[in-house]
Structure formats: C-alpha cells, structure tokens
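Asks: Protein chains in written order, with this note's numbering: chain A, 1 to 342; chain B, 343 to 705; chain C, 706 to 1209.
It is possible that part of the hints are untrue.
Using 20 Å as the maximum straight-line C-alpha spacing, the simulated SDA-like pairs for lysine to any residue come out as follows [stated by the list, open to error]: (1) B/Lys659 / A/Lys181; (2) B/Lys458 / A/Lys181; (3) A/Lys181 / C/Ser817; (4) B/Lys656 / A/Thr146.
The calculated label-pair distances, taken between Cβ atoms and stated as ranges, are [as the list claims (entries may be wrong)]: (5) A/Leu97 / C/Asp711: 57 to 65 Å; (6) A/Tyr182 / B/Gly463: 48 to 56 Å; (7) B/Pro686 / A/Leu97: 50 to 58 Å; (8) A/Leu97 / B/His586: 51 to 59 Å.
Calculated directly from the structure, the hints in this document are not laboratory data.
Ideal Cβ placement from N, Cα and C applies to all residues, glycine included.
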Amino acid sequence: MRLWRLLRSAPALPGYLLLTGAIIINILVQGPDFFSMDNFNSIFSVNAPLIMAAIAQTVVVLTGEIDLSIGSNMTLVNTIAILLANQYHWPVGGSWLTALLAGTLVGVLNGLIVAYLRIPSLLATFSTMSVVSGLALWVLPKPGGTVPSEVYSAYGGYLVGLPTTVWIIATVVALWAIISKYPIGKYIRAVGGRERSAYASGIRIERVKLFAHTFSGFVTGLAGLCLTALMASGDPKIGLPFGLNSIAAVILGGTILSGGWGGIGGSIAGALFLGLVSNIVFFLFNNFAGLIPGIGNVSSFYQQLLSNLIVIFGLASAVFTPRKKNGIGLPKTREGMTKDAV
Amino acid sequence: MSKKVASWLVLLLTMVAAVSLALSVANAKDTKKNGFNVALLNGTNSNAWRLQMEQNMQTVANKYKAQGIIGKYSVFVANNDATTQAQQMQQLINSGVDAILINPVSATSLSPLIDKAVAKGILVMGIDQHISHPKVISVTTDQYAWAKIQAEWLAKQIDKKGNILQFDAIAGAPANDVRHQAYADVLARYPDIKVLKLVNMDWDEGKAKQLMTTLLSAYPNFDAILCQDGAAVGIINALQEAKHPLPKAITSDEWIAYLRLWHDLNQKNPGKPLNAIIVENPPGIGADGLQIVVRLLQGKKLKSGVLTSDPSDKGNKNAILIKPTLVITNANMEEWYEKTKDKPDTYYIDSVLSQKEIDKLFN
Amino acid sequence: MLQMLDIGKRFGAVTALKNASLSLMPGEIRALLGANGSGKSTLVKILGGMVKLDSGNILLDGKPLLIQSPRDSRQNAIAVAYQDLSLVPQLSVADNIMLGREPRGRAGLVESARVRQGALELLNRLQVEVDPDALVSELDTATQSLVEVAKALAWEPRMLVLDEVTASLHHDQVQRLFALLRGMRQSGLAILFVSHRFDEVFSLCDTATVLRGGETMSAVSISQVDYSDLIHAMTGKWPEKIRAAQLESKLPKKRDIVLSLSNLHVQNKVKRVSLKVHSGEIVGLGGLQGQGQAETLRAIFGAVSFSEGDMVFGGAPVKFRSPGDAVRQGIGFISGDREREGVLPVRSVTENLFLAKMALKGFFSTINSHWLFTGAKETIRQLKIVAEGPDSPANSLSGGNQQKLVVGRWLMVKPRLLLLDDPTKGVDINARREIHQLLRQMAEHGTTIIISSSDNEELLDIADRILVFYEGKVVAELCNDQKTEAQLVSAMLGVNRTSGGGDD
C-alpha cells in the first residue's frame, strides 16, 4: 500500500479522485465515443485556457496570495492580440508576443503592489482587475476581429499524434517542474506556508512574491492566447468567468487557499473536472433527457442546477478532505522519536 | 494488497465499459427517429428575456414534433461562459445534429467551430445576436427599425420641436450603437428638437432612476424623454418621487411592469394619461428563427432581398432583420393590459411571427 | 567577539529595551535571563534581524554591524533558533533545515540528495531520529524544536542563539543537546542560551546576563552565583520559601467525587485509563511528553472522542460531543499551546477574558460593554496582567501575560472542573508562581483541577496527587510521602511501578 500512502500525503489527492469520478461518469453518459482521440482533443482544446489559468492561479495561491485579475488579464491579452493583428496589421507572431508581454506586465504590476506596497492581494488584484478590464474595453470596445484559420486549425489539431493543446500544457508543466527545482520553488511554498518563518530564514519575501505574480502573469498570458486561438476573435468580456473558475479549479485540486500546500497537478485535474462537468451535463441531457417525459420544457433549468450541484459537491469534498493540519484535537500524527528514548 | 486493488479497478472499469456500451446501444435506437435533430445553444438562461425566448421556441418545437417534422429538439445553456458554449458546440458537432441555433455568449467567437459544423453540413443560425460569419444566417430584430419607430413617434408627439433627454444603454454594445444611429438619423430631420443631455444607463432600471434624479436638478425643463429599453420604469419612478410632472412623451420599455405602471397612472389621472409607446423587442425572435431553420432544412429557398447586411457586419449579406410589428400606445394600451393580465411580472411584450408571415420570406 | 551596547527599542508606547548590553566571546555559553516583558525576546529578535533596533550599537569583532534583516544576521554567522520556531509546517524536515541555503549544483538547480544528506547529518549530530522527508506539521513539538536547532546549526554559525528551545524537550533530549553544545563550544562556537529553567542554566552556562525592564541588571559568572541571586536580579526581590505553604494536611478527608473515568480508551493514545477526582483537589498528570496525558484531558473536554470507557461527571454519566458541551457543564480547559488553542491574538484583552463567559450565554444575549470594561480592568489588576489597557490586542502581551489571560478567562466563570495541559510552558518563574497561586485559590473555592505538566518541579509543587502516564496507561499514583522527584522520574521512565490507577 505504499502507493496509497504516497497518494494520501499528496496535496492533489482530492483533485485526482474527483477527476477520476468525473471521467467514469462521463464514460457512462457518453458511451465508447469518449475514448476517441477527437473527443480528447476537444476536451483539451476547449479547456486549455482554464487549465492555464488554474496553473497561473496556483502559483500565486501557493505563496498565500490570490489573483482576482486573471480573468480580465486574459481578456486584455485577447483584445491586444486581436487589435494589433487586425487593425494595425501586425504579423500574428509579433502581435501575440506583444499580448503575452502585456499579460506578463500585469503580473509584474500585481507583484509590485502586493510585495512592495504590501497591499493585500485580495484588494490589490481586485483593483487591477477593474483597471485591466477597463483597459481591455478601451483596446477593443466591441467584439470583433479574426484569427487566421491556420492558427486556430493548428490549435485545434494534432502535433506528433497528440492534440496540440496537450503539448502546450505539457510545456508549461515542464517549465514549472524546472522552476520547482530551483530554490525559488521551495521559497514559494515556504512563503505561503509561514511567511514569518520564511523571512526568519533569510528569504527575501518580496522577491518571491514578485516572481510568483510575474510567472502567473506570463502563464495567464498564455491562457489568454489559448483562449484567443479557441475563440478566433476578440471580445472585451471574454475572460470574465476565468477569474472565479481558476480559483474553483485550484480549490478542487486540493491546494489550500492560505498557501504553502498544493500543486499544479491538482489544479489541472480540478480544471479538467470543471470541463468534464459541462460535458457530463451535456451528454446527460442530450442522450437521456428525452427518455423522461415532461422534462423537455424546463430542461435548461435542470442543466444549470445539476452542473452547479456537481461543482459544489466537488468543492465541498475537496475542502473537507480530512488532513489533520493545523487543527486542534490531535495534531500529532507521528511520534517524535529520539534514539534510545525509553 | 495492491493486487486486490488492481483487480477491483479492472472489475470497475469493465462494469463501466459494459454499462456505457449498453446505454449507447439503447441510445442509438432512440435517436433513429424520423425528423430533424435541432439544438439550441443559449448563452444564458438567467434572465427573464432569454427564458421567454426559450419557452417560445419550445412551444414551436413541440408543434413541429407533433407533426413529425422535428425528431429531436434539445437546449443547452452555457452559464455565460464562452468556453462552455464552445464545448457544447463541439459535442453537438461530434454527435451529429441537423441544425444548431445559437444565441452566443460572445457574438464573434465560435468561428473555428462554425467552420467545422458547416464542413459537416450542419446548418448554423444565429438568433437575437448577429453572428459575423459568411455561412451563418442570423435572425435578429431590426433594431434600427425599432428605434426609428420610437423616435418618429416622439417627434410627432411634441410637434417636431422642444427639448428632450436621451437615455442610451452601453456605448459599444452592438444593439445600442444601431439604435443610437437610428435616433440620430431621425432627429437630424427635426432641427428644432434639441437633446439637452445624453446619458448611458447600462440597461439598468436602478441606474436609470439615479440618473434621472440627478438630471432633474440640471435640466428640469424638458419636454420628452427618448430612452432605450430598460429605463422607462426607473425614470418614471424618479419623477414621481421628485413630484416632477411627467414628460409630454416617453418611449419604450417592453417589460410588462411598464405596461402595468402605465395602466395604473392612467387609472389615477384619467384626465392626464401618460403619453407612452411600447415597441416590442420580442423574445419571440428565437421562435421565428426556429421556424426559418425548419423551412431551410426542408430545402425551401429564401426570397431574394430577404437577406440583408447587419449594420455591424456590412461585408456580409447574411442577416434576416425582423421588423417589430407590435406597437402599443394609449390607443390600444387597455386591450394589451387585459391580454397580458395573467403573465408574470418578468414577462416581456412579445409576439411570434405566424406561419404565414414566415412563408412570405420564402419562394 | 559580539558586543551589543546600549540597545534601545520601543513598540508604540511600550519601551521594550533601554540600555540593554550584552557581550559574547568565542566558546562562551551565556544565559540570557529575565522575567516576562524584560526584553529578552526583543533582544533575540534584534540579533536575528526580525526587529530593527532604535538606538545603540552592535559590534562584531570590534567592527560595527548593521542588522537590517534576517539575511544580514545569517550572513554574519549569527543563527537563531526561535521559541515559536522558524519552520514551515508544510515543508519536509530536510527542506526546512536547509531552507535559504540549499546546496546547488549545475545550472543552479537544488540538489535534493545533498539537501537530504546535509539535513540527515545535522539530525544525527543532534541524535534526533526523524524521517527527513516527513512534513514538519506531522512532528510533535519536541521534535520540531530539535529540527529548529538543526536548522540554526545548518548555517554553520559562529554565534548560536537558542530562544527557549528546551521548553518542550524531554529531560534526556535536553541532556543530549547540552552534550552537543558543550562539544561545539570547544570549536569556538559562542552560544546565547535563553531559558526559564534554572537547573539547565546552571548545568550548561558559563555566564549569565540578566535583563529587567529592558535594562541589563547584571552580567555574572554562573559559578559565582546561586538561584536566589539570579531571582533577585530578575525580580528585585529575594525569593521566599513558598513550598512551605502546601495545603495537604488541611484537606478534608471526605469529599465528593467530581469526575471518574473507567477504562477510558482513545485510539492509539490512551489505553484503559481509570481515575477518580475529588472536589477541590489538584491532580497532576505526569510523565514524558506524548504518553497520553494531553489526549486524556481532551477526551474529558470533548475535543477528542473516546472509543471505549465511561465517564461520570458530577454524579451523572456523560460523553461530551464538543468542547461547547463540556463548557456548559462547567468544565474549563487551558492549553499550553497558546497560539493554537488559547488566545485570540488580534482580539482585545477584554474579549479574550470574557470568551468563556460569553460562550455560556446565547448568541444574541445582550452584553453590557461598560460592565465588560470594568470587569476586565478588575481582572487585569487582580491577575497583575501587564497590558496597555483592556482594549489592547492579546498578541501585544508577553507570553506569560497571555497565559494569565487564559487562566483569568476561566477564573471568571468559576468552573467545577478545570483542565490544564502544560499551562506554564515557556512562562517565566514569576508568572508561573502567580498562576500557581491562582490555581490554589480556585481549588480552595471548590474548583477541581487536573493539570498535566512537562515540568516535574511544577507538578511536585502544585499537585496534591500525581498520576504518572506511560505509553497511554497510568502506571503510578503518587501522593503524600511518595511525592518525590525520584519517585516521579522513575515512574515516568516506566521503572518501579507503584500500585495505582493502572490495572495491569
């Protein structure tokens, strides 16, 4: 049972369990079509923006902060990429890189405000959220613009046998894995775990927080570009749901909002869980609603009710997974042994 | 120990596979019915307007089902999340439908998916909001006509001269911009009508009320109020609270609460009725779209000239603009008050085109 | 080597330090002593870079040293092991020990094998047997303290500051630590040792600096002083012999049984414990740490559920489902772990004092704020709590005063049974004496008290009867003439069991 013990101590356990459950139910309601490569592709290409946003959120949450501006930052990236390419006829590469840079800069701005001005991130990112979404509205006042079909076909297509989006996600995961191997990876968790201890250990808290927000801004930028490739157009409201959904994915993935405990693996599972919930609800109603007479007239109500109930159930089970951490009662799960103690 | 777990897992997976296979077989039988398979993707159903649209469409769909024309009609809502809508669209394409009607979360997105659907021979139609795609016909209310009827009526009520206040909604929103243009075009013909102040009320009764209260101090001497929908109830409430006389004329709000407020005002002051107009901005547009889709699926061809360009998408001739037909003024207010007495407070003044009117669009 | 001269520090209106001085030579072990609020912790924090000094100078090897942050301090080979720990609970032991000085290999990557190895070496030197991959949050407090020491040593310091790290250690752990420190002194390490335990100071230290009211009162050589000299320097008073005031003989013979447990069983921790407690009695629970004392107290209080056994309280069988139930039945609980179970740090002194009393009322019962204020003032006076006022937040108080606050909270509701779990951990000798006096007063007024303590002296001092726990069982019951340190220690170590509550 070594595997079980390993899983048990992994912070992402609730995320993985929920995802497994969602996959099983999805197979049940969708049938064998679930196993087709096209189905995987559509799940990943549609959910890649949320997965990226969840990764960006996780890094910030690990430091004990939160980023409410992720949704509007994605919108900004989307509008800039579209505006430069469509209105100013920049090459797609250049305009998208500029948009990515803008997203990263928003992260830097968040980091500076949180780390150096010491404004709580809830407040700081709430204000950047409004400023950035205002900026996006100024960049692109109304929906419009297009993305070259090569770009969105490539995004929705395959690369060396796997969906392109899987490669994009894998690249970001690898990037984070490398960062985790540097001291900063440990420091991010240390700062979130107990800021005072990290400070007492000589860690420069400000730099760690600035780094986390910057990295988060960069990944948010990638999320915005994925969203742009998926939607193939610009819309100054497009990113709205991602702010809260990314936080939900993080919680579902077992990362603790107070910081220091969790990881991006769980958050990716959490984001996929959210994506599968809409999939499950879709197939449930597409395949089975007709079998129940009378449900037709009101089915769209039940869809929202059901998907919200599943998400609430997921959030509750992720939050209430017993971890016996920092609680009262019997906090010690391991005897502190000393050699030749009686 | 782990062997046991593994065997349990295998057992579980086998069960899942078996059940899903059985269900899909049962399901396959189920879908092999006659008639078209039509789906609606509604961006949200969390407001009364969209809900009424869904209900209207359901009523029409039920009729077609009874006739055997539609075999399957399903509705999916996306909680205002563009990616959820994309996912639903994707799964609809995979599962094979004949037509998809979309009231989009984001009017310009979805083009990659629309390309895919069109390539698979699926008929895609936008309803309520125009979708800018050459292969997609959008059925929308003619907002220009909607606004023009009101502005013309208002000008007539104040004898083509006087001071007015103008309440727009959100600058940049497509419907708002079209209506704004229509107002401007009409008013340009009446140089004696002066707009004292133009404000944006964000389609929010509360904000409209607040704005009106503020405007009263700066511009107490106005003759009429030209407003888009979602403002008139707030404006009249503000005037009543300030004990300010009602304007000589005020324009539309299709909310049933407005009709009832209007009726009550007239009951209280029989000598001085409120001079108002309601022009429908009908949730029935979705049902109109559904009727058109069915005819297109049946292979009927649209008359030439039916397809025009939407003001937001001048490059394409892909729009069917339905002109509003139902207009309520003091002449027929009482009649409509009685007709809609049993409707809930969230009801919108509404009409659906008849089969005959739809048939006129086709050869 | 290190000199701190005329150090001054103010926190708002409170002067923490004025004219505090300290010097440390290579190879010297110096004790830093002082009552609560004397400025010890502040001085330690200045050395560690957690707090910036307002005035004064620090000289290192004769050159002025500016400490702006913990980083500065560590870079100048000063390492501090804090009483409240500088560990991150969510990280592993090894990561914690090497935090901030990870060995790095090619391309700057952390070499986790070397992290683990370095940590393991330090743990072995301290003779702590703990898995370096275990999370710190899973360790008991004693092990955490030792990991904290290992972490300080990881910086290979020239000066090591130990801020009450022995407070939660067993006797044998302390001895091993001392042996190690004595060895390191030979190689030139200077140690500043902060402790409330005089026996430790006398066995380890060469010299002592005593602070009172933020000023250095004396710097002496340990060999030339005794307990009373130091207590005099700390308090300005010569200690009386308080042990004479024992009440044993005065206790009436026939008393009601307030609480009786039979065959209490808590998962893995407590095994078939039976005990009877009489009204007005002070019963001590002794033993090494983690032998089931804490769990027994929490099981009585309803914070932990017991799987088997019966509990009779006030004549009726009960089983509390939550601490709230227990409080309503007149049971109070004081934990030595102030941060976790005792004080609401950011709430005011008044709110902390009235917490238990208010919990007895309904959610919406009216509260007279004036009555609260005067009540709080009265209690503050009575308990000699040093606070700016009833409105100041609890975390502005020193550790001993915070603990008095918790005792005062229960004093107000006069519970029938008061449970204390190591209540004077990290509390200075003066405050400890005051708390003991309060407990005796409460006992005289009929409150029954069960107290567990890691400090043998405290148990012998206050308890009428001591039950000694060993591996979840009561192995000895000591009263009257059996109540000696020798008996207690041998019972704690599991040898020489006297007949008692344990039925094996």
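Asks: Just pull the numbers of the violated hints for me, sorted ascending.
Replies: The structure breaks hints 1 and 2; every other hint is satisfied.
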